[in-house]
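So the protein lines, in turn, are chains A and B.
Here the working numbering runs 13 ahead of the position in the first sequence, where the first position is 1.
Here the working numbering runs 13 ahead of the position in the second sequence, where the first position is 1.
No lab work stands behind these hints: they were computed from the structure.
The reader is advised that the hints may include incorrect statements.
When chains are identical, the list treats them as one kind, so a pair holds in a single copy or across two.
Stated by the list, open to error - Derived pair list, reagent style BS3-like, types lysine-lysine, alpha-carbon separation capped at 25 Å: (1) Lys218 x Lys34; (2) Lys340 x Lys326; (3) Lys218 x Lys75; (4) Lys337 x Lys278; (5) Lys34 x Lys237; (6) Lys108 x Lys340; (7) Lys258 x Lys225; (8) Lys340 x Lys237; (9) Lys108 x Lys140; (10) Lys70 x Lys372; (11) Lys343 x Lys103; (12) Lys258 x Lys229; (13) Lys140 x Lys249; (14) Lys326 x Lys278; (15) Lys22 x Lys249; (16) Lys218 x Lys237; (17) Lys237 x Lys22; (18) Lys343 x Lys326; (19) Lys347 x Lys103; (20) Lys337 x Lys225; (21) Lys179 x Lys22; (22) Lys337 x Lys108; (23) Lys34 x Lys22; (24) Lys340 x Lys140; (25) Lys278 x Lys229; (26) Lys307 x Lys75.
Keep in mind it's a predicted model, so treat the numbers as computed, not measured.
Number of protein chains: 2
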Amino acid sequence: MITDTFSIKYQLVPHGTEETKIQFYNTIPEIFENLVQNNEQTVICTDSNVVNIPEVKTFLNKINNANVETVIIPAGEENKTLESVLSIIKAALDKSFTRNCKFIAIGGGVISDMTAFASSLYKRGAKLEIVPTTLLSMADACIGGKTGCDFDNYKNMIGTFYPASKLHFCPDFILSLPENEYLSGLAEVIKTAMLYAPKLFQILKTENEKIKSRNKEELYQIIKRCALAKSNIVEKDISETGLRKQLNLGHTFGHALESVAGFGKISHGQAVAWGLGRAIQLSLNLGLCEEDYKDDVFELLNIYGYSTEKTPKIIAEQENVQEKLIKAMKQDKKNDSNGITFVLQREINSTLIEIVQEKDILAVL
Amino acid sequence: MITDTFSIKYQLVPHGTEETKIQFYNTIPEIFENLVQNNEQTVICTDSNVVNIPEVKTFLNKINNANVETVIIPAGEENKTLESVLSIIKAALDKSFTRNCKFIAIGGGVISDMTAFASSLYKRGAKLEIVPTTLLSMADACIGGKTGCDFDNYKNMIGTFYPASKLHFCPDFILSLPENEYLSGLAEVIKTAMLYAPKLFQILKTENEKIKSRNKEELYQIIKRCALAKSNIVEKDISETGLRKQLNLGHTFGHALESVAGFGKISHGQAVAWGLGRAIQLSLNLGLCEEDYKDDVFELLNIYGYSTEKTPKIIAEQENVQEKLIKAMKQDKKNDSNGITFVLQREINSTLIEIVQEKDILAVL
């Protein structure tokens, strides 16, 4: 028998910060001018590739401040591990930094996810700023406070919601990106266009030559449009209880492909681009969208060279590919116990979320 | 030059749950009657001691449900590690549990802190309920959503704020606690009394015989008073930005003692009890409280057998004890970069937080 009961009703407080300020800079060195404050305990985290960007190298070499500690993680998705996250935390701990210290990520999504995760855990929450150096991160990864790392061979299975207080954007970083990393980012741009931005969808089609050649003004335009669209969603649903789930369009397929191919064998964006095609094919098969919309999406994906085939080349030679993909999909964080959940579309800017039967999934794999 | 700026302003959302329901039960088996739901994916986490409590053993043996996974962590503060936390997460992952699954802790503060930490990280946040089996946990640890584990030889350096949706209390658990664990809990009770509950302070003095003999009605009274007092604070300040810091009374000293003695060599409560005496001695030395109040507190601590000496026996034979304690205090999460922060008192129910100079700290060690 319950003999007595009372409730604790919590006042609502921000997860780390009540707002994220996104600042665009004209050149990279301008970001670094005021990034580190003299008296602020600061951990800077970057990776072994980013550290070689000349402006970053110059900045890090110039730091001469006992309150600043730098952590360099080996580049690559395969290092998105708890060990890496702990090495960031340990850097702060070894300097006896307080919970008021600041973590700064300079890098792509892997570095920002891990630095943000470390920051959220350090003494139950320190400060966080991010300098994204990839298109994928500016358009998607660094906005909205999802933190985490891979665990036990599954992507981002552990993490927190912990947005940065400031994001420092400069399109110049994108000019020196390897082509596959640039394409990886464009996939998230296409996703955002499909979800919320018909105008961006048109720009991606009509201005594809300028975009492929990384015209700086076009880059600024697409980053700004993506960042605004994503901001609009996450400010309504930071903890992904509703609306925000739409941002996983293409990701149930994409994550499964990454997992089956093996982490690091295919870029996140390439996997998501394939997933976008599969999600729209599935939407068509289920009678949700028109053939015209599917054709539109496939055309855009093909313009940028993404696979719209059932089985991408990278896993074509494995056995039981369909079963492996389905098994990986069952691990997706969006699922509830009733089945595998997919983000689907009726048309551009019209999205729904549904549990889909295994036979219908198999039909598009 | 910053060329463009915009802000994302987040809607405030709960950390995991908007309220915690505390339910008191008459007997232990009544807790277990409805704890596990048939169709709910559930991870139960307990330790190698608690699993031998007859009612717990009976409950766990009776479970015959593919949706329930049990994790048993070796008992003891020394197992409050990230490895233990990950083993809880892995249990859920290996069963492909969704983010809607539930983690249930059955145990003392070590088990509930770690299970809550695991729950907060699993797919960025699963459900959580706690069955506290110690006085320390009922009076303090399981209320208010602090989660975490030890890391790199410092206590609770990583963690999150993630309150449970339900706490299931039964004083019967306390009847079978080893004496040192019971005393460990009483220290937190005394702390709460000093901070917020003059009536509880009186009861602890006048009814000390009944309390020492674990009279069930007295236990219920002190648990209820502590839980209400702590609830009142954490519902105003879940993330410890202000008021809640007061709950660390005695803990800067206590944590340092635990660290210097070596984790597991002294109970958390025994260390906190010593810290309570030191904090009031420090308050007296700084001219904040009266000699009478110090005497009152020391008398109460002595009634229950706690050390009110400068140097507790457990570390008396170490060299450079003062320096070691100070060094450990510098790691305290409450500190900012200006110095070591202490919770001090003017009198019962009148508390303040101040940075204290090292010479004043040394004077009470």
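Tested hints:
no. : hint            : verdict
1   : Lys218 x Lys34  : neither (30 Å within a copy, 54 Å between copies)
2   : Lys340 x Lys326 : within (19 Å within a copy, 57 Å between copies)
3   : Lys218 x Lys75  : neither (43 Å within a copy, 62 Å between copies)
4   : Lys337 x Lys278 : within (16 Å within a copy, 49 Å between copies)
5   : Lys34 x Lys237  : within (13 Å within a copy, 44 Å between copies)
6   : Lys108 x Lys340 : between (43 Å within a copy, 12 Å between copies)
7   : Lys258 x Lys225 : neither (29 Å within a copy, 54 Å between copies)
8   : Lys340 x Lys237 : neither (37 Å within a copy, 48 Å between copies)
9   : Lys108 x Lys140 : within (16 Å within a copy, 35 Å between copies)
10  : Lys70 x Lys372  : neither (52 Å within a copy, 43 Å between copies)
11  : Lys343 x Lys103 : between (34 Å within a copy, 16 Å between copies)
12  : Lys258 x Lys229 : neither (31 Å within a copy, 49 Å between copies)
13  : Lys140 x Lys249 : both (22 Å within a copy, 22 Å between copies)
14  : Lys326 x Lys278 : within (12 Å within a copy, 58 Å between copies)
15  : Lys22 x Lys249  : both (22 Å within a copy, 9 Å between copies)
16  : Lys218 x Lys237 : within (17 Å within a copy, 66 Å between copies)
17  : Lys237 x Lys22  : between (39 Å within a copy, 17 Å between copies)
18  : Lys343 x Lys326 : within (23 Å within a copy, 56 Å between copies)
19  : Lys347 x Lys103 : between (32 Å within a copy, 18 Å between copies)
20  : Lys337 x Lys225 : neither (34 Å within a copy, 60 Å between copies)
21  : Lys179 x Lys22  : between (30 Å within a copy, 12 Å between copies)
22  : Lys337 x Lys108 : between (45 Å within a copy, 16 Å between copies)
23  : Lys34 x Lys22   : between (30 Å within a copy, 9 Å between copies)
24  : Lys340 x Lys140 : between (38 Å within a copy, 24 Å between copies)
25  : Lys278 x Lys229 : neither (29 Å within a copy, 62 Å between copies)
26  : Lys307 x Lys75  : neither (52 Å within a copy, 53 Å between copies)
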